[in-house]
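S.K.: Using the sequences provided together with the hints, build the complete structure.
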Amino acid sequence: MQPGLSFEQAPPISVPFRFFLTAPVFGIAAGLLLLWQGPEALISRWTSTALALTHLLAVGFMLQAMCGALLQMLPVAAGANIWQPRRVTHLTHAGLTIGTLLLVAGFLDGQPLLFQIAVPFMTVSLGAFALIVLIALFRTPAQGPTIIALRIAVFGLIVTISLGATLAATFGWQLALPLIELTHVHAAWGLGGWGLLLLAGVAYLVVPMFQLTPPYPVWLTRSFSVALFFLLTAWSITWLPLERPAGVQAALACAAALLVVIFPAVTLRLQGQRRRKITEPTLLFWRVAMICFIAAVLVVIAQQLIAAVDAYDGLPFLLGALLMVGVFMPVISGMLYKIVPFLNWLHLQRIGKPGLVVPNMRQMIAEPRMMMQFRLHLAALVLLLGATLWTPLVYPGGLALIASCVWLEWNLIVGARNFARFSRELETRLAAEQAAA
Amino acid sequence: MSGITQALNNHHKLCDDNFADAEEAAHKGDWTACAATYGKFRDAMLTHFGVEEDILFPAFESNTGMTGGPTQVMRGEHVQMRDLLQQMDAALGRKDADGFGGAAETLLVMMQQHNMKEENILYPMCDQALGEDGELASRIAAGLNA
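Chains as they are written, first to last, in this note's numbering: chain Y, 2 to 438; chain X, -1 to 144.
Keep in mind the hints are simulated off the structure, nothing from the lab.
Where a beta carbon is used, it is the ideal one built from N, C-alpha and C, also for glycine.
Honestly, I wouldn't trust all of these hints.
[To be verified] Sample of chain Y residues lacking proximity to chain X, with all beta carbon distances greater than 12 Å (derived):
no., residue
1, Trp47
2, His94
3, Gly111
4, Arg140
5, Thr171
6, Ala235
7, Ala303
8, Leu347
9, Gln350
10, Trp408
[What the hints assert, rightly or not] Distance condition first, Cα-Cα at most 30 Å in a straight line; then the derived DSSO-like pairs of lysine-lysine:
no., chain 1, residue 1, chain 2, residue 2
11, Y, Lys278, X, Lys38
12, Y, Lys339, X, Lys38
13, Y, Lys278, X, Lys11
14, Y, Lys339, X, Lys11
15, X, Lys38, Y, Lys354
[Claimed, not checked] Chain Y is nowhere near these chain X residues, computed Cβ spacing over 12 Å in every case:
no., residue
16, Phe17
17, Ala42
18, Gly48
19, Asp52
20, Ile53
21, Asp81
22, Ala89
23, Gly99
24, Gln111
25, Glu130
M.R.: Below, the structure written as structure tokens:
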């Protein structure tokens, strides 16, 4: 294999930054929607509010940040070069940003026209992104469990997009399709097939790296993503209108839940064995995420086995809050606080020269600022989970979610502005040195 | 994994351990312990760079004829890491916990992605190109223990 090993393959810093700076805006919008709708948001997962909320967080925040990070990471960490990176970036960013707005407006307003625009627009932009990334992942000479997990994850994204487009088409053109069955499969592939496998594939690389933990055990990295893929596929087939023995669907769901819980359990154990002893924001974000992950799996198992749990009205909101506000948003925040400062530093190295000191990562975004957002996010999580028991808590929960996302956005803006400021300073210093020489 | 680079691979872990001790000491404000553990860490890093730049890379380059390739990228990253070590040196001298922690955080990410590239790509290439060169292996081991 002959990847260049060089950072020269990385895209310009504006590529990932535009995604990172957009994502928190949709988190803020989700918080505003919670304040506007109040306890109405918790009634059922099928209300227009619940669907809009889900997509503000899942597409607007999560997918937005994930795509930006993937475009940055693929050439550097996976040796996978993206075809036409600039065009793909524009198309994907527009697809995610305008697409989320169209979808959310469609859910809230109910206008079929909005879905009629969203379906082709998002299918083309996000579908092209997924296909191009998948091709890059198959053409890279790099190997290993991360590449395998990422390939399956991107396949999961394609399944999610296809089912999502089908569902949106039923709203746009009043098609008679089995909405509930399709929605279950769409959500499972989005969160499990795509989100979780992307998380796992990235974790295999970054958890040992950032915290100096032992590596993930080979038995896990070798079989986890493939096993989850087969279980998800089998479970999805049980939603087809075919004759099958009773209980197969619940059994497969429980098997998948028991499989996926291994990942957060092992991650927490590895973090417990870390050689790096200091506690820093990224570690805290990851630990909260892994604990919420285990809690979400326990809820899913209880839902399969206990009828009263399945019938509980607050269950979808509880699961949504645990998985999106509890698992993915914290991991993404924690990752952004490593990615953005390090990218700043790395790109500034190109301007500087040996001996010319480039400000370090903590000078890009100060740690106390990150800790503040961590506390706000934790407050949002606790309040929103509490809202499933006492619905008025949705108001302070929504406020805390807005505060957390505003803080995140501000921290990222500070990071981007520091990049611009330090670039100017370095260039001035370099010019002064050259003039003196 | 076996071959001539095994000792370098193991040495990465030693550097990690020394890094963690130094960072923790600075975080606690224990500058005496930090000076001792950081000294061990810096020495281990500089020894490691030296062995690669003076023994392994030249052997690989003369064997394969690849002089402007991966070894050049790794040399460039060594320069960046030496700069960060100097920043940690200066912060230690000033007993500046923020400066030390910030440079350490940056060095950690730099060092880990660098090690990953060496362990997954460059070392296997070296093992393949240089085979079981016992003399080279013992020079590397001796260099690391010097």
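S.K.: Beyond 12 Å from chain X, beta-carbon-wise, is Y:Trp47?
M.R.: It holds; Y:Trp47 is separated from chain X by about 44 Å at its closest Cβ, greater than 12 Å.
S.K.: Say whether it holds or is violated: Y:Ala303 keeps its Cβ farther than 12 Å from all Cβ of chain X.
M.R.: Fine: 39 Å to the nearest Cβ keeps Y:Ala303 off the interface.
S.K.: So if I understand the rule, the pair passes when the alpha-carbon distance is 30 Å or less; does Y:Lys339 with X:Lys11 pass?
M.R.: It holds: about 22 Å lies between the C-alpha atoms, which stays within 30 Å.
S.K.: Would the least Cβ to Cβ distance between Y:Trp408 and chain X come out above 12 Å?
M.R.: Holds, because the least Cβ-Cβ distance between Y:Trp408 and chain X comes to about 20 Å, which exceeds 12 Å.
S.K.: Can we confirm that no CB of chain Y comes within 12 Å of the CB of X:Gln111?
M.R.: 7 Å, violated
S.K.: Was Y:Gly111 rightly flagged as not at the interface, with every chain X Cβ beyond 12 Å?
M.R.: Since the minimum Cβ distance to chain X is about 47 Å, Y:Gly111 lies beyond 12 Å and the statement holds.
S.K.: Against the 30 Å threshold, does the CA-CA distance of Y:Lys278 and X:Lys38 hold or violate the hint?
M.R.: 17 Å, holds
S.K.: Are all beta-carbon distances from X:Ala42 to chain Y longer than 12 Å?
M.R.: X:Ala42 is indeed farther than 12 Å from all Cβ atoms of chain Y, at 14 Å.
S.K.: Over 12 Å from every CB of chain X: does Y:Gln350 meet that, or does the non-interface label fail?
M.R.: 6 Å, violated
S.K.: Just checking, X:Asp52 versus chain Y, shortest CB gap more than 12 Å?
M.R.: 19 Å, holds
S.K.: Hey, is Y:Leu347 genuinely clear of chain X, shortest beta carbon separation above 12 Å?
M.R.: 8 Å, violated
S.K.: X:Lys38 and Y:Lys354 were given as a pair; does the straight-line alpha-carbon distance stay at or below 30 Å?
M.R.: Holds: X:Lys38 and Y:Lys354 sit about 27 Å apart, inside 30 Å.
Against the hints set out earlier in the document, violations occur for numbers 8, 9, 16, 21, 22, 23 and 24.
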